[in-house]
Amino acid sequence: MERKTGNKMVHDHNHDGIDRRGFLECMAWAGTGMLCVMQGGVLKSFSMGRAGELDAKKMAGELSFVQISDSHMGFNKPANPDVSGTLQAAVDKINGLATPPEFLLHTGDISHLSKPEQFDTVDQILKGAKGKEVFYVPGEHDVLNDDGKQYLERYGKNTKGTGWYGFDKKGVHFIGLVNVLNLKAGGLGTLGAEQLKWMEDDVRSLKHSTPIVVFAHIPLWSVYPEWGWGTEDSAQALAYLKKFGSVTVLNGHIHQTMQKVEGNVTFHTAMSTAFPQPAPGSAPSPGPMKVPDERLRKVLGITDVNYVQGQHALAVVDATLE
Amino acid sequence: MRMRRSVRVSGFRTAAILAVALLMAGSHQVGAKAPQAAPATSAEVKIDNFSFAPATLTVSAGTTVTWTNRDDIPHTVVSTDEPKAFKSKVLDTDEKFTYTFTKAGAYSYFCSVHPKMTGTVVVK
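Chain order of the listed sequences is A and B.
Take the first sequence: its position 121, counting from 1, is numbered 124 in our numbering, and each next residue is one higher.
Take the second sequence: its position 86, counting from 1, is numbered 80 in our numbering, and each next residue is one higher.
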């Protein structure tokens, strides 16, 4: 299904070969399972159903990974009595992608109650996913009772402080941040001075052309403060990234997809693999939202991300479980 | 003359007896009118829909407050004082936390998992 406007580049404000408006339009299609691929600096969109017709190499780009989020292992209320089943369905979805991901990013709320057996079950299920490694950041449900001590024991190798860290893959720099600890009454997510200082140092000597991917549990932009959907000091973190030509921010926590493009920064939140939550302000509270059983797997899903060397923006595509 | 004196004396005694009787009756009346209610020793806060209800609870010193989580998501009850006056472990649906307030004051608290949820217990 080619877009009617064709694939001609219309606006190239930054002279970087990126058609911003085209990019935005492509992002708008993302929720329906469209695939946006950079080919020769131009965004092309393809329906996931036609994906098999495409040249796998052209489609693959150079780096491909999948974000999953909010598996809430241990949750068993009416909104989804089988979160293991839906997490397995997410793994099946991942394994069915035309381009297998090189690794997974889990943006937190791995467990529902920070219980060891809940973490164990997620580890077990994710072992079946293509993708050699899983990188994690904690959600608030992963650091209950012990201020994140167990989380660090399990996932904190090579991290600093409460679990933040950076790593590189094929020229893309990844930054995992923790914004679910030391929360203050009446407040939002928080990064804290120590983590911000680390981040400033971490990106200081990177070239401006290095694509950056930041991932954290609570959104790093103000989605809906009334429900705690935001991070108090994220502006400071984003300020350190102003010089970069391509920044992608991947978050979870709100159990629905939401996107925003601001200059060189693309913000994106993922669906949960466990249960959906209501749209901002559309319900009395942001709790688990019950949908008809046959609809559940249409509101849960994964996010596929592709990057082609030399192209700036990463292609971020959401796919539901069914 | 003698009779009058005795009348006066007996009159005084009668008045005294009457006065004492009245006083005793009075105190009897006070005791019978309104039995003083004993101060409440327990109170409840319901946690539901990401909120504490009532958000402000007023109790007298010595009261034990019980928080019950009726929400389908876990919550905690954590004092905002430094050092913390109380801190519950995580409460799943139907789990409870109790704390007895012995000293007067205003005790603010919040849910450490969802920090927008706040409440206060005012102890008189």
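Derived from the structure by calculation, the hints contain no laboratory data.
Every residue gets a Cβ at the ideal spot worked out from N, C-alpha and C, and that includes glycine.
One or more hints might be untrue.
Claimed, not checked - Straight-line Cα separation of at most 35 Å, DSBU-like style, residue types lysine-lysine; simulated pairs:
#1 B/LYS118 - A/LYS118
#2 B/LYS118 - A/LYS152
#3 A/LYS245 - A/LYS80
#4 A/LYS160 - B/LYS97
#5 B/LYS78 - A/LYS187
#6 A/LYS80 - B/LYS118
#7 B/LYS118 - A/LYS293
To be verified - Here are the simulated distance ranges between beta carbons:
#8 A/PRO287 - B/ASP75: 28 to 34 Å
#9 A/ASP126 - B/THR58: 49 to 55 Å
#10 B/THR114 - A/PRO287: 18 to 24 Å
#11 A/GLY189 - B/THR58: 24 to 30 Å
For each hint, the structure was consulted:
no.	hint	result
1	B/LYS118 - A/LYS118	violated, 39 Å
2	B/LYS118 - A/LYS152	violated, 38 Å
3	A/LYS245 - A/LYS80	violated, 43 Å
4	A/LYS160 - B/LYS97	violated, 45 Å
5	B/LYS78 - A/LYS187	holds, 13 Å
6	A/LYS80 - B/LYS118	violated, 39 Å
7	B/LYS118 - A/LYS293	violated, 42 Å
8	A/PRO287 - B/ASP75: 28 to 34 Å	holds, 29 Å
9	A/ASP126 - B/THR58: 49 to 55 Å	violated, 41 Å
10	B/THR114 - A/PRO287: 18 to 24 Å	holds, 21 Å
11	A/GLY189 - B/THR58: 24 to 30 Å	holds, 26 Å
Of the numbered hints stated above, those contradicted by the structure are hints 1, 2, 3, 4, 6, 7, 9, listed in ascending order.
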